[in-house]
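Chains A and B, in that order, give the protein sequences. Sequential numbering of the first sequence, starting at 1, is according to this note's numbering. Sequential numbering of the second sequence, starting at 1, is according to this note's numbering.
One or more hints might be untrue.
It does not matter which identical chain is used: a pair holds within one copy or between any two.
[Unchecked claim] Calculated cross-link-like contacts (lysine-lysine; reagent style BS3-like; alpha-carbon spacing at most 25 Å):
(1) Lys-192 to Lys-80
(2) Lys-235 to Lys-63
(3) Lys-218 to Lys-192
(4) Lys-197 to Lys-255
Calculated from the structure, these hints are not laboratory results. None of the values given here were measured: they were computed from a predicted structure.
As a plain string of letters, each chain reads:
Protein chains: 2
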Amino acid sequence: MQIITSRDNAKVKRLVSLHRRENARREGLVFLEGERLCKDAFESGVCPVEAVVTEKNIPWAEKYAKDTEVTVLSEDCFKKIASTVNPQGIACLVRQPALEKEIPYRGDGNDIYVVLEDVQDPGNLGTIIRTADAFDLTAVIMSPSTCDPFNEKTLRSSMGSVWHLPLVTCPLDDAFAFFGQNGIETLAMHLKGEILKEADIKLPAAYLIGNEGRGLTKEISDKCTRLIKIPMPGKAESLNAAAASAITGYVLSTKRK
Amino acid sequence: MQIITSRDNAKVKRLVSLHRRENARREGLVFLEGERLCKDAFESGVCPVEAVVTEKNIPWAEKYAKDTEVTVLSEDCFKKIASTVNPQGIACLVRQPALEKEIPYRGDGNDIYVVLEDVQDPGNLGTIIRTADAFDLTAVIMSPSTCDPFNEKTLRSSMGSVWHLPLVTCPLDDAFAFFGQNGIETLAMHLKGEILKEADIKLPAAYLIGNEGRGLTKEISDKCTRLIKIPMPGKAESLNAAAASAITGYVLSTKRK
């Protein structure tokens, strides 16, 4: 097996370019760096297009990236393509899954959806996806201007959950039309809402999480069938978007039959 | 008022040095950059040692940093001391509050504590502090090797809450001794625990959150009076530390009388 040792090698240059998210996205690819991210993807059934490893990680590639093109780089070359200071010497390229357009529906009376209006922080998005996965939500629905779920920070904070449940990008009007047709309650956090613990919420339900800076727009909260609030007796004015999503997702999941 | 325009000015050099957390900590200071962080601190009653602004922000300094030394820098000099690409031109130095050694106790039967064993991610720590503030917890108790709460990322994600509630650093053995003396239930998340919703937990209570990578050590969970679990029917193996803390803090806060 040939080991690429020149930083000027065309393949190295191409990998450096694909590590920039905008370049990989243009080609419909996701660049994953580090054993954890790569393993999460493979174990979730994602097929790598190419595995890129240092010499000492060839056995790793043989185990996880079977039937895949494997590129071996010298430690020095790997440093050039990596974004970490002490890279583990494991990376791969996978095909970016198409974000779903249709909203899935189980119809067993236990559907729960989290709907994101322009969430901008990749770490928050990843944590929201991870929590949605933990509570077996039917889908994460994102407005078109929500940040990219295949951003490196989102991938890291989702801990593999981006590969586990349907991610849907659609105009929120379409989501409300779907919820209306299926009799799905829509919940907005609101200072004037009912107290979450006391509200008689029945599933199926969708809850909405707004942008970190401004929260939900009035336009969106006006469309919801119910306003709820999480009481905050302390001095903090609001909860972090991912914390609010975790609490609401948990509470709704306890209502399943 | 004199405006410093030279990047080689001794004061500019000192500010650059203090923006490195380890240097500020050595002098018992915290460097805050950006209007939001500075305003949060001042509005929480923190006294700035010095305000540093660009010319156009002098009115801001006069409003918020009264009775304080104000240093005015040119836009170019401010860029040198800032860590953001497009700085707002507002920064300040505040005296680092001493972390409490004694654990506060309200004794009204509603005390709730979150106890952190070696949480390492500054963003998680800030979010945990923010959520603890929202639910009016009595204190955030941190093992000595938990990350620094005055780290810039922690400050940003805490959204001012670091100034709102007692932060205690102490060996966790001391915390357990305190909980034992006061009949405070101690809760560890554990796969074999009781289901959170069904557990008959009475306040006062403390709940423990472990390190992001390994969770709580067995040594610590063995010391807890009760093991609980948040059911996760999906594919995610675990919850993010800040999400788990938000859910548990919320659930305990609903048990207050």
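Practice task
Check Lys-218 against Lys-192 for me: Cα-Cα at most 25 Å, and say if that holds within a copy, between copies, both or neither.
Solution key: Within. Shortest intra-copy distance 13 Å satisfies the 25 Å Cα cut-off; inter-copy 43 Å does not.
Practice task
Can you give me the call for Lys-235 and Lys-63, within, between, both or neither, at a CA distance of at most 25 Å?
Solution key: Between copies only: 22 Å across chains, 52 Å inside a chain, cut-off 25 Å.
Exercise for the section: If the cutoff is 25 Å on CA atoms, where do Lys-192 and Lys-80 land: within, between, both or neither? Let me know, please. Expected result: Neither, since 53 Å and 45 Å both go past 25 Å.
Exercise for the section: Check Lys-197 against Lys-255 for me: Cα-Cα at most 25 Å, and say if that holds within a copy, between copies, both or neither. Expected result: both (11 Å within a copy, 11 Å between copies)
Violated hint: 1 only; the structure is consistent with all others.
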